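**Student:** What follows is each chain in one-letter form.
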Amino acid sequence: MSTQEIRERLELLQGTLDLLILRTLIFGPQHGQGIARAIQLTSEQELLVEHGALYPALQRLEERKWISAKWGTSANNRKARFYSLTIAGRKQLIKETNKWKRFATAIGRVLGPGTEES
Amino acid sequence: MFRRRRKENDFNAEIEAHIQLETDRWRDQGLSDEDARAAANRAFGNIRQAQERFYESRRWLWWDNFWQDVRLGLRMLAKRPGFAGVAVLTLALGIGANTVIFSAVYAVLLKPLPFKDSDRLVFIRKKNPTRGWVRNPISPAEILAWRNQSGGLEDMAAFTSSSCVLGGAGDAEEDPCEIASSNLFPLLGATAARGRTFSADEDEPEGPRVAVLSYSLWQRRFGGEESAIGRGITLNGASCTIIGVMPVDFFTPVCRTVR
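Line order of the protein sequences matches chains D and S. So the first sequence is numbered by the numbering used here: it starts at 1 and just counts up by one. So the second sequence is numbered by the numbering used here: it starts at 1001 and just counts up by one.
Watch out, some of these pointers could steer you wrong.
Within a straight-line C-alpha distance of at most 25 Å, the following computed BS3-like cross-link-like pairs (lysine-lysine) qualify [what the hints assert, rightly or not]: (1) K70/D / K1007/S; (2) K70/D / K101/D; (3) K1007/S / K65/D.
In short, the hints are calculated from the structure, not lab data. Quantities reported herein were computed from a predicted structural model and do not represent experimental measurements.
Please model the complete structure; the sequences and the hints are all you need to start from.
**Tutor:** Structure representation (structure tokens):
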């Protein structure tokens, strides 16, 4: 990734970070840095996630028992705290995903075609 | 019920691990150690802020969880009054038993003796190791010798507890009694409530035979009459003159009542 920004990255909307974290964890346990990377990669660098902002969200999700955490070893043999999705977290992800899709569709309808940036 | 709370240093270790991993990644992409570390820090943002938010949220969570637990507890108790009753009863019995035990321990072990200079009182006993006795009789001669020859003690009084057949002035009865040297009372700082305690000449083998009553015996047997003093009684058949009555709260170190 070049340090030169081609376009301004999108700031995250309130509450979307939780959803993104849950979604990322569906592929298996991951540590904080991995989650941050994955969000950036899968959003094709569109989303700006300050890594530090991830941790309050992770903590919140952990307290709600949607994710659980365990210290483990990373691929390059470093100690890291790995988060994984719980059953409750999986349910929450489905619920939130549906909600978000309805929300996006509704906003899209209001804004209508033609206003999209090419 | 008991949730293990995350420690701050665990959180700090996680952040450190994050920075490490991110640094590794940048280094793999060809950055120097220093640049990689700087890039990792930049991507993370404000570390101190993250720590503060962690600390803050934890504090709020503590209160949140605490109130949740309290409310849940009360609801559960209300839902099951039988269980609540047993719990309350258990607590009540536990607290009660503790109070009783503590009171007893206090009275027996901790409370200072109600005697003059109680911190300087010692109790001397004789053993007989060859026969395995923890108590061996002490002769009057021995007591006198100890009293005159031991430099460390201000005074030494002798007493022995037994039971006596009390006769004269009414029906005979068996009562606990103590035989004491005359200096026992001044040594303990006790004075008679009526009459007087023993005098030195009454210690002599051929001296007058006299008795001091406990307050309860005086009340019970003599109806608390002043005229009891000077009256004759018999102790194990030997006649004695009553010379005094001790105060209601007096007791000797071994026996709770002196008759």
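**Student:** Where does the structure disagree with the numbered hints, that is, which hint numbers, in rising order?
**Tutor:** Structure breaks hint 2 only.
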